[in-house]
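Chains X and C are the protein sequences, given in the same order.
Using this note's numbering, the letters of the first sequence correspond one by one to residues 1 to 204.
Using this note's numbering, the letters of the second sequence correspond one by one to residues 1 to 115.
One should not assume that every hint holds.
The calculated DSS-like cross-link candidates involving lysine-lysine, where the alpha carbons are at most 30 Å apart (straight line), are [claimed, not checked]:
1) X:Lys119 x X:Lys96
2) X:Lys96 x C:Lys14
3) X:Lys119 x X:Lys203
4) X:Lys94 x X:Lys104
5) C:Lys85 x C:Lys14
6) X:Lys94 x X:Lys119
7) X:Lys104 x C:Lys85
8) X:Lys203 x X:Lys94
9) X:Lys203 x X:Lys96
10) C:Lys85 x X:Lys94
11) X:Lys104 x C:Lys14
12) C:Lys14 x X:Lys94
13) C:Lys14 x X:Lys203
14) C:Lys85 x X:Lys203
15) X:Lys119 x C:Lys14
16) X:Lys96 x C:Lys85
17) X:Lys203 x X:Lys104
Think of the hints as simulated: they come from the structure by calculation, not from any bench.
Because the structure is a prediction, the values reported are computed rather than measured.
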Amino acid sequence: MSVGKAFAIVGLVGGIFGGLWVFLTFSNVACMQVDVQPYQTSGLTLAPDYCSTPGLATRLLVLFIAWLACIALAFVMGIIYAALYNWLSEYFGKIKVRLNLNQKGAYEITHFQVWSVVKNLAIIWLIVGLIVNVLVIIFSINFFGAFLSFGSSNVFYESSLFAFLIGWLGSAIAFVGLTALITWLYNLLSRFVGHITIHLGVKS
Amino acid sequence: MYTVQRVYIWNWAKLCALFNIIGILIYAVIFVFIGFLGGNFDLAVFGHGSLSGFGVILAMVLLIGILSGLGFGALIAAIYNGLSKVFGPIEVEISFEPENIPEAAPEVNSQIQQT
Numbered sequence: 001m002s003v004g005k006a007f008a009i010v011g012l013v014g015g016i017f018g019g020l021w022v023f024l025t026f027s028n029v030a031c032m033q034v035d036v037q038p039y040q041t042s043g044l045t046l047a048p049d050y051c052s053t054p055g056l057a058t059r060l061l062v063l064f065i066a067w068l069a070c071i072a073l074a075f076v077m078g079i080i081y082a083a084l085y086n087w088l089s090e091y092f093g094k095i096k097v098r099l100n101l102n103q104k105g106a107y108e109i110t111h112f113q114v115w116s117v118v119k120n121l122a123i124i125w126l127i128v129g130l131i132v133n134v135l136v137i138i139f140s141i142n143f144f145g146a147f148l149s150f151g152s153s154n155v156f157y158e159s160s161l162f163a164f165l166i167g168w169l170g171s172a173i174a175f176v177g178l179t180a181l182i183t184w185l186y187n188l189l190s191r192f193v194g195h196i197t198i199h200l201g202v203k204s
Numbered sequence: 001m002y003t004v005q006r007v008y009i010w011n012w013a014k015l016c017a018l019f020n021i022i023g024i025l026i027y028a029v030i031f032v033f034i035g036f037l038g039g040n041f042d043l044a045v046f047g048h049g050s051l052s053g054f055g056v057i058l059a060m061v062l063l064i065g066i067l068s069g070l071g072f073g074a075l076i077a078a079i080y081n082g083l084s085k086v087f088g089p090i091e092v093e094i095s096f097e098p099e100n101i102p103e104a105a106p107e108v109n110s111q112i113q114q115t
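Please take these sequences and the hints and turn them into a complete structure.
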C-alpha cells in the first residue's frame, strides 16, 4: 500500500504533464480519426463535422479525468508491483543493496546487486506484460477487426498471436536489458553525481 | 520494518538528469545507426543534412533533457517528502547480511540491537 501511494505521487506529477499534453493536442487527436477513413471497408463512415475542436470546458474536463486516471493507475500498479515483489522474491531472492551511512545520518544506496534487481523485475514484468499484452491484443482485435480486412480471418488471428508473442517476450527482453543497463550505470556513475540518499526511520 | 522518511532532492534530481542524458545519447546513436543502415545520411542527422545541424539539435535536446530531468526529479522527490508526511512513507523490510552490517544511524541502531 505504501508503495502504491508513492507511485500515486509520481502519477500525480506525470498526470499533470500527460493531461496538459492531451489538453493541448485534443483537437488534433479528434481530427486524426478522419485519417482512418481510407482504410475502412465496412459501411461505417465518420461524420465530416467529427473533426470539430472541442470547447474549453470539454478539454478541461479531459485534463482533469486524465490526471485522476494517471493517479489511480499509478496507485494500482504500485500495489501490484509491490505485492508481486513481496510474493515472488520469497522464491527468487530479494533485491540486494549496499548501504552506507553518511555524515548527515542518512543512508546512501551505493551499490545494487545487478542480478538480484534484473531477476526480480524480469519476473514481475513477465507477469504484468502477459496481462497487458493480452489486453492490447483483445482491444486491437475488437478495434481493428471492425474495419480492417485481412482477406482471411486465420491470417488475422495468426498475426495477432505473433504480435502478442513479440510484444510480450520482446518487451520482457528489452525490459531486462534496460534494467541491467540502468542498474549497472547507476553503480558506475552514482559515485560521481551522488547516490540515492534516504533517511530511514523505524516503524513504531 | 523501516520507513523511507525523506529522500534527498538534489541527489534524486541529478540522477534523473544523468539518466536523461544517457537515454538521449542512446536514442541519438540509434537514429544515426538507422540512418546509416538506410544509406541516408540526411535521415541520420534528422534531415538537416549536416553534422553541425545534427550537433546543434542534439545539444538542444540534451539541454532540455538535463533541465527536465533536474526539474522532474526534484519535483517528484519534493512532493514525496511533503505528501509522505500526510499519507505515510514507503515501508520496507531490510535484513542485513551478518558479515555486512552497515554502521547505523542512532535511531536505527537502537532498533537493530533490539531485534
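Hint-by-hint comparison with the structure:
no. : hint                : verdict
1   : X:Lys119 x X:Lys96  : holds, 11 Å
2   : X:Lys96 x C:Lys14   : holds, 23 Å
3   : X:Lys119 x X:Lys203 : holds, 28 Å
4   : X:Lys94 x X:Lys104  : holds, 28 Å
5   : C:Lys85 x C:Lys14   : holds, 24 Å
6   : X:Lys94 x X:Lys119  : holds, 9 Å
7   : X:Lys104 x C:Lys85  : holds, 20 Å
8   : X:Lys203 x X:Lys94  : holds, 20 Å
9   : X:Lys203 x X:Lys96  : holds, 21 Å
10  : C:Lys85 x X:Lys94   : holds, 27 Å
11  : X:Lys104 x C:Lys14  : holds, 19 Å
12  : C:Lys14 x X:Lys94   : holds, 27 Å
13  : C:Lys14 x X:Lys203  : holds, 29 Å
14  : C:Lys85 x X:Lys203  : holds, 13 Å
15  : X:Lys119 x C:Lys14  : holds, 26 Å
16  : X:Lys96 x C:Lys85   : holds, 27 Å
17  : X:Lys203 x X:Lys104 : holds, 20 Å
Going through the hint list in order, the structure satisfies each hint without exception.
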